[in-house]
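Protein chains: 2
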Amino acid sequence: MRGVSVAGIGSTTFGKHGEKAIEVLAVEAAASAIADSGVDDREIGALYLGNFISGVLTGQEVLAGIVGDNLGLANIPCTKVEGACASGGIAFRHAALAIATGQCDAALVVGVEKMTHAPTPDVTAALNCAMDNRADGVSGLTFPGLFGIAWRVHAQRYGTTRDQVSAVVMKNKKNGLRNPLAQMGANLTRELIAASPFICDPLQLYDCCPASDGAAALLLVATDRAPRRKGPRIDVAASVQTRGAARIAGHPDLCSFDATVEAGKRAYEQAGLTAKDIDFVELHDCFSIAEVIDSEDLGIAPRGKGAVWAAEGRTAVGGEIPINASGGLLAKGHPVGATGVGQLYEAALQLRGEHPNQVKDAAIGLTHNLGGTGVACTVNILRRSDA
Amino acid sequence: MRGVSVAGIGSTTFGKHGEKAIEVLAVEAAASAIADSGVDDREIGALYLGNFISGVLTGQEVLAGIVGDNLGLANIPCTKVEGACASGGIAFRHAALAIATGQCDAALVVGVEKMTHAPTPDVTAALNCAMDNRADGVSGLTFPGLFGIAWRVHAQRYGTTRDQVSAVVMKNKKNGLRNPLAQMGANLTRELIAASPFICDPLQLYDCCPASDGAAALLLVATDRAPRRKGPRIDVAASVQTRGAARIAGHPDLCSFDATVEAGKRAYEQAGLTAKDIDFVELHDCFSIAEVIDSEDLGIAPRGKGAVWAAEGRTAVGGEIPINASGGLLAKGHPVGATGVGQLYEAALQLRGEHPNQVKDAAIGLTHNLGGTGVACTVNILRRSDA
Chain A
1 MRGVSVAGIG STTFGKHGEK AIEVLAVEAA ASAIADSGVD DREIGALYLG NFISGVLTGQ
61 EVLAGIVGDN LGLANIPCTK VEGACASGGI AFRHAALAIA TGQCDAALVV GVEKMTHAPT
121 PDVTAALNCA MDNRADGVSG LTFPGLFGIA WRVHAQRYGT TRDQVSAVVM KNKKNGLRNP
181 LAQMGANLTR ELIAASPFIC DPLQLYDCCP ASDGAAALLL VATDRAPRRK GPRIDVAASV
241 QTRGAARIAG HPDLCSFDAT VEAGKRAYEQ AGLTAKDIDF VELHDCFSIA EVIDSEDLGI
301 APRGKGAVWA AEGRTAVGGE IPINASGGLL AKGHPVGATG VGQLYEAALQ LRGEHPNQVK
361 DAAIGLTHNL GGTGVACTVN ILRRSDA
Chain B
1 MRGVSVAGIG STTFGKHGEK AIEVLAVEAA ASAIADSGVD DREIGALYLG NFISGVLTGQ
61 EVLAGIVGDN LGLANIPCTK VEGACASGGI AFRHAALAIA TGQCDAALVV GVEKMTHAPT
121 PDVTAALNCA MDNRADGVSG LTFPGLFGIA WRVHAQRYGT TRDQVSAVVM KNKKNGLRNP
181 LAQMGANLTR ELIAASPFIC DPLQLYDCCP ASDGAAALLL VATDRAPRRK GPRIDVAASV
241 QTRGAARIAG HPDLCSFDAT VEAGKRAYEQ AGLTAKDIDF VELHDCFSIA EVIDSEDLGI
301 APRGKGAVWA AEGRTAVGGE IPINASGGLL AKGHPVGATG VGQLYEAALQ LRGEHPNQVK
361 DAAIGLTHNL GGTGVACTVN ILRRSDA
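Heads up: the protein sequence lines correspond to chains A and B, in order. Per my numbering, the first sequence starts with residue 1, numbered consecutively. Per my numbering, the second sequence starts with residue 1, numbered consecutively.
Keep in mind that the hints are not guaranteed to be accurate.
Claimed, not checked - Label pairs and their calculated CB-CB ranges:
#	chain 1	residue 1	chain 2	residue 2	range
1	B	163	A	138	50 to 58 Å
2	B	205	A	225	53 to 61 Å
3	A	198	B	19	32 to 40 Å
4	B	139	A	124	31 to 39 Å
Everything labelled a hint here was simulated from the structure, so no lab data went into it. Where is the CB? At the ideal position from N, CA and C, for every residue including glycine.
Build the full structure now, drawing on both the sequences and the hints.
Structure representation (C-alpha cells):
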C-alpha cells in the first residue's frame, strides 16, 4: 500500500449559513482545500463526499456528482458515502484507500451538512434516521435519551458527578471561543451549566451539541507525489472503519461503544503506536458524556476516569493529552456529514502548527467519529513526517 | 490487482412488499447470496450497500450497518453508497475494488429500496432529489420531463417513431412475463401502448418503469479463493464508474449521456473487449427511450438506430444482442438502490445458464446503471472463465 499524505485543507465556518445551498458550502470548502494544496485539480482521480441527511432536510441527493461538476473536476468517480454521524470519517477512509491502493494519485474528500434551516422537530426526526428504528426508534428513544442512559450508568458505576462532566463542557466551550470556525464557544461556569434547562435528564442544555451547517474538505495525495512545502509533511498513519451493534439491546455495555474500542485498537496497530504516543485527540463529543466515554474507549483516559481527567485539566490544551482543542462538536458544532472531515481539518492544522489553540509540539493526532447508536465508527491518525 | 469473481447471488422479487421493512428485504437477498455462495460468512471482509432514498421514504439510514448486524456478520466496515439510480452499480464497484486491492478476500454487495408504501407525489418528490435542484428542479422538471425531451430530440434528429419505441416496451414487458422476479410483465400490442394515457408527452404509461420495492445481493470473492462449483467461474472483467454533467444545460447532447459513453469506453478497455464481444446487456431503461439512447451510447446499436434495432428484433432474446432479457426496469421494476445490483444478479444467472430467458451461449454480459440526469454511471462486465 502506498503512503497517503494531506496536501490541502479547507473549511467553512460551522454554524448558520442561511439560504446558502448545501452544495455551495461543499464547493467552498473543497475549492479552498484544492487551492491550499497547490495540486493541479486535473490530478484528482476520485471524490468522496460524506453526508448524512441532505435528502430529508434539503431534498438534494447525488451531492458527490453535483459537487464534482460544480468544481469543474474531470470525469472521475464521485461517490457519496453515508454512515450517520460517521459519514465524514468514512469518506476520508475511502479517499485515502483510493490512493493507498493505487486507484489515483490525488483524491478529494468533502463532508457537508445543512440543518439549521429546518424546524427543530424535523431535525430531531431526521437525526433519528440514524437509529435502528424498528428496534429502538419505536420506543420513543432519541439520541439525547441514549446518552442520558449512558451517563446514568457511568455515574452509578464510577461515581461520575455533574461537576466532573461540566469540566468537559467548560473546556470545549472555552476552546471554541478561540476557534474562528466554531459556532458556540462560550465562557461557562459550573453554576451556569447546572442551572441550564434539562434536555433529557441528566443531560442539560450545554451538554448537547448544536445543529449546524458547514462543510470541510481535505485533498489527499500519494506521499511520493506530495508537493513540497515548508515544514514537515502530514501523513495518514492509520484509517480504520468498524461496525458496532445496530440496536441498543446489542450493546455489550451501555457506557462503552465496542465500535470505538475496536477501531482504536486497529488504528494503533496500523500506525504502530499506542494511545500514549498520541499528542492530541479530536473525538465525537455529540454530548458531554460522549467525550467521557470515547476518551475511555480509545484508551486515552483510564476506564471510568474520563470525566475526572477533564476535571483535573489533563485533557485541556496544555494538559497531558488535549482533547477537542477545536471546541469539539459541543462548541464547534455538528454539521453531521461534515464533522468527521472537520476533525481531520483541525488535526492537520495542529500538525502544521497553525491552530488557534495550538498543542505544543503536536506531531501525532487522532480523530474519532461515531455514527448512530455506535453502529459505525472511524478512527484516523495523522502524523508529521518528522515524528 | 487481484481477480474478482461472483460466488453467490440472491434477490427478492421486485414489486410490492407491503409492510416488510427495508432492512428485512436487504437481509433476505443478502442471506440468500451468502447461502448460494457456499462461502463461510466469517470470510466476508466488507459490506457495500447501495440505496438512494430510504431516509426520505422510510425514515431509516445507516442501513449498511443495520444489515451487517442483522446478518450477524463480524465487525467489518459496512458502507452505504449513494449515486441516485446508479447506487447499486457503485456499491458493486466498491465491493469489487475491496477485493481487487487486497482489502479482503470476500465482500458482500447489497442493493435495496422501498417505495410502494409511499403516496405517488411523495415518490415523485423523492426521485427529484436525484436532480440538481437549484439548476433544474426549480423549473418544474421531473424525470419523465427530461426523457420526454430526449425522445423529442431523438425523433427530430433520427426520425424515431412511436411504433419503433413501442418495440422496446413490448420486448421488455414480454421478457418480464417469464421472469419470476419481475413486477410488471405483460403481453402488449402497439395499439395498447399508443392508446395508454400520456404521462409526459411523448412518454405514455407503458414507457415508464414502475416504482418498486426490492433487494438484490452478490457475494464477491477473490478469484484465487473462489469455491469450486460445477461449470465455469463468473469473473468481473470490468467495473467502471463515471460522472456526467449535474445539470441538464451541461449536457453536450440532449439524446446522449456522456457518463454512459465514457463508462462504456473505459469498461471495454478494462476488459480488453469491444462492444461486439458482448453477448447480452442489462441496461438502464427507466423509460423506453432511455434503452434506445443507452444502447447507442454503449456502442451496442449504431447511433440513431436504437429503436430501429428493437423494432427489427435484434435486441430480443434470440436476436444478435439481447437487451434486458430480465424485463429491464420497465417490466422487472426499479427499486432504485437495488436496480444496479439486480442487473448483475440477472447477468450472473445468464452466465450460469440458469436464466428464465436464457441467452444461448451467454459468456460475456454487460450491465449499465445510470443515476440522476446522467450525473453518475456505472458499467460492469461479467465474463465466464471459459470465455
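Results for each hint:
1. B:163 x A:138: 50 to 58 Å: Holds, since residue 163 (chain B) and residue 138 (chain A) (Cβ atoms, about 52 Å apart) stay within the stated range.
2. B:205 x A:225: 53 to 61 Å: holds (54 Å)
3. A:198 x B:19: 32 to 40 Å: holds (37 Å)
4. B:139 x A:124: 31 to 39 Å: With a Cβ separation near 33 Å, residue 139 (chain B) and residue 124 (chain A) satisfy 31 to 39 Å, so the hint holds.
In terms of the numbered hints stated before, the structure departs from none.
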